[in-house]
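J.: Starting from the structure of chain B, add chain D where the hints point.
Here the protein sequences line up with chains B and D, keeping their order.
Count the first sequence with the working numbering and you get residues -19 to 940, in order.
Count the second sequence with the working numbering and you get residues -19 to 940, in order.
Everything labelled a hint here was simulated from the structure, so no lab data went into it.
Just so you know, not all the hints are guaranteed correct.
Which copy? The list can't say, so a pair holds if one copy fits it or any two copies do.
What the hints assert, rightly or not - Below, computed lysine to aspartate or glutamate pairings styled on EDC-like, alpha-carbon distance capped at 20 angstroms:
| no. | residue 1 | residue 2 |
| --- | --- | --- |
| 1 | K205 | E540 |
| 2 | K109 | D243 |
| 3 | K527 | E482 |
| 4 | K109 | E315 |
2 protein chains.
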Amino acid sequence: MARSKTSTASSAAQARPSKTTGRSKKKTPSKKPAASKSKRAASASPVSMTEPSRGSRRYLFNFGADGADGDREMKNLLGGKGANLAEMCNLGLPVPPGFTLSTEVCRYYYDHGLSYPRGLGKDVLAAMKRLETAMQKKFGDPDNPLLVSVRSGARVSMPGMMDTVLNLGLNDETVEGLARSAGNERFAWDAYRRFVQMYSEVVMGVGAEDEHGQSPFSLALEELKEKRAVSLDIDLDADDLKGLVQTFKAIALRVALRSFPEDPMEQLRGAISAVFGSWNNERAILYRSMNDIPSDWGTAVSVVAMVFGNLGTTSGTGVAFTRDPASGEKRFYGEYLMNAQGEDVVAGLRTPEPIERLKETSPKLWRELQRIQKLLENHYRDMQDLEFTIENGKLYMLQCRTGKRTGFAAVRIACDLVRERKISRDEALMRIDPEALNQLLQPVFDPAELERAKAAGRLLTSGLNAGPGAASGHVTFNAAEAVRRAGEGQKVLLVRIETSPEDIEGMQAAEGILTARGGMTSHAALVARQMGKVCVAGVADLEINYKASSLQVHGRRFGEGEFLSLDGTTGEVFEGQISTAPSEVMQAMFHEGKGARGGGQIYASFKRLMGWADEVRQLRVRTNADQPDQCELAVAFGAEGIGLCRTEHMFFGENKIEAVREMILAESSEARELALAKLLPLQRADFEGIFRAMGERPVTIRTLDPPLHEFLPHSPAAIRALAKDLGLPAKRIAQKVEQLTELNPMLGHRGCRLGITYPEITRMQVRAIFQAACRVARTSKKMPRPEIMIPLIATREELQLQVRIVREVAEEVFEEEGRRIKYLVGTMIELPRAALTAGEIAKEAEFFSFGTNDLTQTTFGISRDDAGKFIPAYRKLDILPDDPFSSIDLPGVGKLMQIASMDGKAARPDLKLGICGEHGGEPKSIRFCHELGLAYVSCSPYRIPIARLAAAQAAIRARL
Amino acid sequence: MARSKTSTASSAAQARPSKTTGRSKKKTPSKKPAASKSKRAASASPVSMTEPSRGSRRYLFNFGADGADGDREMKNLLGGKGANLAEMCNLGLPVPPGFTLSTEVCRYYYDHGLSYPRGLGKDVLAAMKRLETAMQKKFGDPDNPLLVSVRSGARVSMPGMMDTVLNLGLNDETVEGLARSAGNERFAWDAYRRFVQMYSEVVMGVGAEDEHGQSPFSLALEELKEKRAVSLDIDLDADDLKGLVQTFKAIALRVALRSFPEDPMEQLRGAISAVFGSWNNERAILYRSMNDIPSDWGTAVSVVAMVFGNLGTTSGTGVAFTRDPASGEKRFYGEYLMNAQGEDVVAGLRTPEPIERLKETSPKLWRELQRIQKLLENHYRDMQDLEFTIENGKLYMLQCRTGKRTGFAAVRIACDLVRERKISRDEALMRIDPEALNQLLQPVFDPAELERAKAAGRLLTSGLNAGPGAASGHVTFNAAEAVRRAGEGQKVLLVRIETSPEDIEGMQAAEGILTARGGMTSHAALVARQMGKVCVAGVADLEINYKASSLQVHGRRFGEGEFLSLDGTTGEVFEGQISTAPSEVMQAMFHEGKGARGGGQIYASFKRLMGWADEVRQLRVRTNADQPDQCELAVAFGAEGIGLCRTEHMFFGENKIEAVREMILAESSEARELALAKLLPLQRADFEGIFRAMGERPVTIRTLDPPLHEFLPHSPAAIRALAKDLGLPAKRIAQKVEQLTELNPMLGHRGCRLGITYPEITRMQVRAIFQAACRVARTSKKMPRPEIMIPLIATREELQLQVRIVREVAEEVFEEEGRRIKYLVGTMIELPRAALTAGEIAKEAEFFSFGTNDLTQTTFGISRDDAGKFIPAYRKLDILPDDPFSSIDLPGVGKLMQIASMDGKAARPDLKLGICGEHGGEPKSIRFCHELGLAYVSCSPYRIPIARLAAAQAAIRARL
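Here chain B stands alone, though its shape is the one from the complex:
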């Protein structure tokens, strides 16, 4: 039964448009960067604070010692920071008071020409009064001034992407009051000069850098230090800083052409608009596009009373995690610095102390922090990231949020929390980003060595992180050389402009693959991920010269045999060697698959988690594999069958390619059958290996798919060599290559079109499959379960013709072998027409497997090999929210899948549905597959754990 097919799928499909509508209102594709534009506009239209609030909607939420208007459930409205500050107040924790302007204000601001809801100004005035009362200070009071910070805070954390203004409320008068009330003149003027700089940069648009890449403020500071002959900021005294404030104000006037505002209320209005404006600065936009955060979520703005960690030795500031964010170990972890503000910790001029030191130096504070961190973790039931400040011995919590963690920590923490009975298994499963599991599976560079390499300037360039992991090796420029060197025991990298099926053996032999062209689903990327190879693809500034067997990058030249190192997780390319090691989890999983025991803490957690996932999920997880060793690996990783075995990959094996070429060059059906007869035993042996590895798990085998020219050599030299081998005139081979050349091979003579024009090829392949299955059944006592899949079907008639061949040959073989094998015949749904006529096609097919790679190419009319020229521009312009070759495009491709699923099941209720495109290993796509009621997803071996987890999450989500 399909699980809530229609409703979920259609709601998913509908969700997108409204999202993009929202976005489209906000984005102006203009040659000016959005940041500068909105910043200018923001300062032009600050919050009006005079009009009364009339709307029924609440835009402002207070928080403080007496509790809060909001709570942690209101992240969408208050942003993460605002919601958690409110929540901590509700828990009675010491939080400086403040108020939050909601994300709806942000949306209103952009939807109404950068203006604010009526009455908001009055609400802000009232909230500031509340702050004054709570802090017993007055905003702008020359004697005892209240200072505030103005901070951004989106629904999800976007660290460092948006702007913040600290120490707001200082002017030439209040600075004196602050000095008096703090009893520290230097502190007050230091706060003031920092505020003038920050405000000038964030609100007044004074560029942080001039044409020489230096901030005019830093320049002035440096000049002053030189004049005073001191090296550190702290060596400047109060008078120095007083002078600096005047210098900074002069800079602001010169650059922004208006004077620095002395009125604290004007400061506040300007800062709020600037922080809302920073939602659309360039780096925030980029970060959102990289992290799939919709543009219309908006940010909230929190205005918080300032507390100071730099008032003296009884003040300080720190950050901490309730568990180790790297390993996941259960220990309070963090660091602090006395007599410092937050930015000092970051600046790294002084070395912070580990948090445990507090136990000795301030046992009371330590106990309070311990109480708070436990309370917060128990309250949030997850590892928390805390920021605190100590002002004259009093602790203030400034922030609390769910802590970022490594994949290792994510797995361990989730398992530990279940054991501690803090969360359920389902919750544990939902806590982990499936992609984070990649970290547990890929080999890594030795971290220290990596640091050293970077410091030594060995980072050459970077490209697409197409195959995660780390690899070092000798550079080779063709498959033969890679195979040769690997045969000698060398570790090699295969460097190609782009790869083709001819390179398969070379890719297999290499540790990693580096290409100058192609995207995340280029041939190189696809095969690399399936093989579990490291791959950095599409490195545009790589100039490869095959003739000279060399590459150049930014003027540096590397010849054959020289060393490069590839970090497929980051896409970085390094000069020379860096040591790597396979991940612990991978080794343990593989050894356990082989019957051995092993693995440490992380593997134990990982295994427990996978077990829970397997209990929950309804989708089966298969693998795309076509070699027995790949199959074994996949089974160790949890594969429940093969969803796609590409028979053509086998064609490139030793002894095979010659027969394949003979077949292609055959001039008659008879000659072709002769060549095919040579291929038969070779293919049969391939299939025997696969059936043995897979036992009684289903094995979906696709008949020949790629255009035949891929199997022929293309360079004149290679053609001459082949001619010599086959005893044919080179001209004839060249003619055949020319004849097979197509303008658009993707839309050409391939897939079932080969099997229809050369039925003898299908016949040979099917014969090899059934002979292998019968032999394995006889010798292993296990019954192989072949599922034969016909590619690139557009019409029912095509499938009918191929199915007839399969059934005829099956009967012949069963008769010859004296035994029967249960099998299925089905088709890939990889052309729009197949999806649109699925009701007809299902009459011939026992299963459908969605080939979403090709389906995406034809639905969009985009060749993934050629998309590199415009996709970057598309991503930048936000035309494609996700790469449709990574995550299924729901409104287009998803709609076709929905049509095909419904019409197919209507025509044949027991139709088995699966997916074998690259999307089968991508969590969002897996969720959609679950909602569509598919029976299985299929992905490359290394993505199986990810798919198992994602399938479990989809099942849990559907229950919610």
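T.: Frame of chain B, contents of chain D only:
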């Protein structure tokens, strides 16, 4: 309002599958040709004549002097021949009695392993008894034998495609009886030897030809004539013929390994099965596939009592038409031959007499024939094709069917019948196959000269009849040479392996285009039809050598400047020159468009018919054109606007291509704008010309579509030449060409993707359009109506970005020019994703134009440029009932169009819908467009009259 959208479109979509289901049951893709297989099977399982009829269904229908069981409405059941024989009986006309086995018997026969419905045998026996009574003869009676013919007859006429057996019932005994009753021994034995040969060939499978290409029967006849030293069959006497019968029977025994059946009943059973079997002989299958006749219609079999035209001088046979089938003139037209059987007329050994001769020789017969032909034409209300036999002075009607006619005759007869008040205007419009109008529009070879050329063996080869008409000219192998020679006043043909946009000027200069590669919608075919050029495409056995400037075909070589002649209506290629002339209608239409009067009888009829069509149709008809002269022609042919103006065609004009190349080679946005500034006035002048030609008719202009590499030279020499022109290093141009090269250009960086990555191109084009429109408005007092169309949209966001540019530039130009132009902005729907998300896209688009060429390519995943390698096999295997590039594929592409129309209209009720793919000129597709509720179709100028008629037919059909 859409016209009965859902119901009709979906019923159309459903019609196909059931049809193919029927067909699929009948076809076995086997290496043996279907014909021989079914023939063997047929003789293995003749009609069983013993079982009684039990089914409630009626399979056998009698006809004779006392009326008939059927009538003319029952063509689907009785076949055309059977239905019309029954109808003539009902009209009381003299028809030999007989009976018809329905097409349902044929379907049953194929659906049940070549066996017959229970009881049919008994029905046949009863019907034979009826015949005996009517004819007062007995089947198999040695004294007064009844003879019958066994004839095929499908729902539509398939002349000569299926088998017939005459004189059935003769054996060694009955031949004597026939001799006696006819009083003519030679006649009887002549009938017998013909019967033995025909039966042996048709039923017993004795090959009509041996390995030397000669029939063993003809061989024996020739030997006998040699022995007797006579030259004509009629010089052989009765004894000669007696001997020949024995020889023939011996041949049958030797080849078929069984003796010739003497039992008349066995003969009858065998003949019926053989005729049903002939439905699936190779030539019938080919004919059906060429004429879009479904395989599951089946044939009926009529068994008719023999009457003889060769009993002596008072006997005879003839064929006649109620009007002239060539010219359509209203005159009784035909020929006859006394003392002859039908095949003698065909054999051409004796010259038949014109039918008017009967008036003198047999005035009574003439009067009767006159009465019958008038009666039949009035009865059928259409021109009839009659066959008759005179047996001893008595007239028998053997066949009556609607007569085939030329396009000229079709138009004239339809108009005349309206004037004679025999049919309504709607009926007249429905009578004419829109494609037949092609004949009226295309230049033709002088018929006599053509005959002579064929007789002289000047027919070299043939290919696809891609652009109708006739052309002779000097062969040229590149555009430059074609232009050069044409400039000198020579008539030239452009011969290319395939054409590309670079060849446009050469194609324009040539009389005709000949290509070795490409299908009916290849670039050559497409552009040729739009230009109205003769085109023969995809001539596989043409070997073109550009280097040597020569072509070879079947060993004959032609160099540059030699003469060839192309018949684009038949696809034939001739050596040397053959004179041509433009069609009368075309000349008249064009001159009248220019204000002159003219045109003869045919043109008058054509014009009247077009007027009726225009009154009836609801679809507007636009044209695909991009030159002012094409526009003028199209308007003369009745274009109501431009549906597709391809701006890139203009890019190849003189002076323009240089600027285009400069733009492509520009390294910065600034350099590109500089080059575009040069192009702007050139494009503006192009658009001015078009707006002037089109007046206030809407003009849909598509922004730049093809990949940029199409505008660059590719050969090293051309690259060097360009480098010299531009003062750039050749290497840089070569690099750019390399960089722009794509694996699948069809799915690459083209369409709106160009306008998005280079918005300055869109901006320049839109500026040129609006400047041109403003200038034409100022000087001509007519308001141009530009409709700007963005190609290859896949997502709403793409369109939004391009629409914003169009509107911005429009406002700029309107301000500069001080006047406003009304315009629309819309998009092509040519990718599946655009159709699937049409509801979203419609929010940005004021119109949709279905680009069914690309939509078909992506929906099927078939590149029309590369399809040549498998489409022939597909047509042969009946996988594609129609070429989807010629006629819209309803279940796939049609379904997408339906989704897009419905979702688009739902989102924007005033959305204007049209089509500009090649399908816009194809009648079946036009019908679908009407049903879908489109506002217009757009096609090449020469297809406009066809589209006008097809649109009228669609409107009439929807009313029925």
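J.: Each hint should be assessed against the structure and marked as holding or not.
T.: Here is what the structure says about each hint:
1. K205 - E540: neither (51 angstroms within a copy, 85 angstroms between copies)
2. K109 - D243: Result: close within a single copy only, 16 angstroms intra versus 120 angstroms inter.
3. K527 - E482: within (18 angstroms within a copy, 32 angstroms between copies)
4. K109 - E315: neither (35 angstroms within a copy, 113 angstroms between copies)
Hint compliance for this structure: hints 1 and 4 are not met, and every other hint is.
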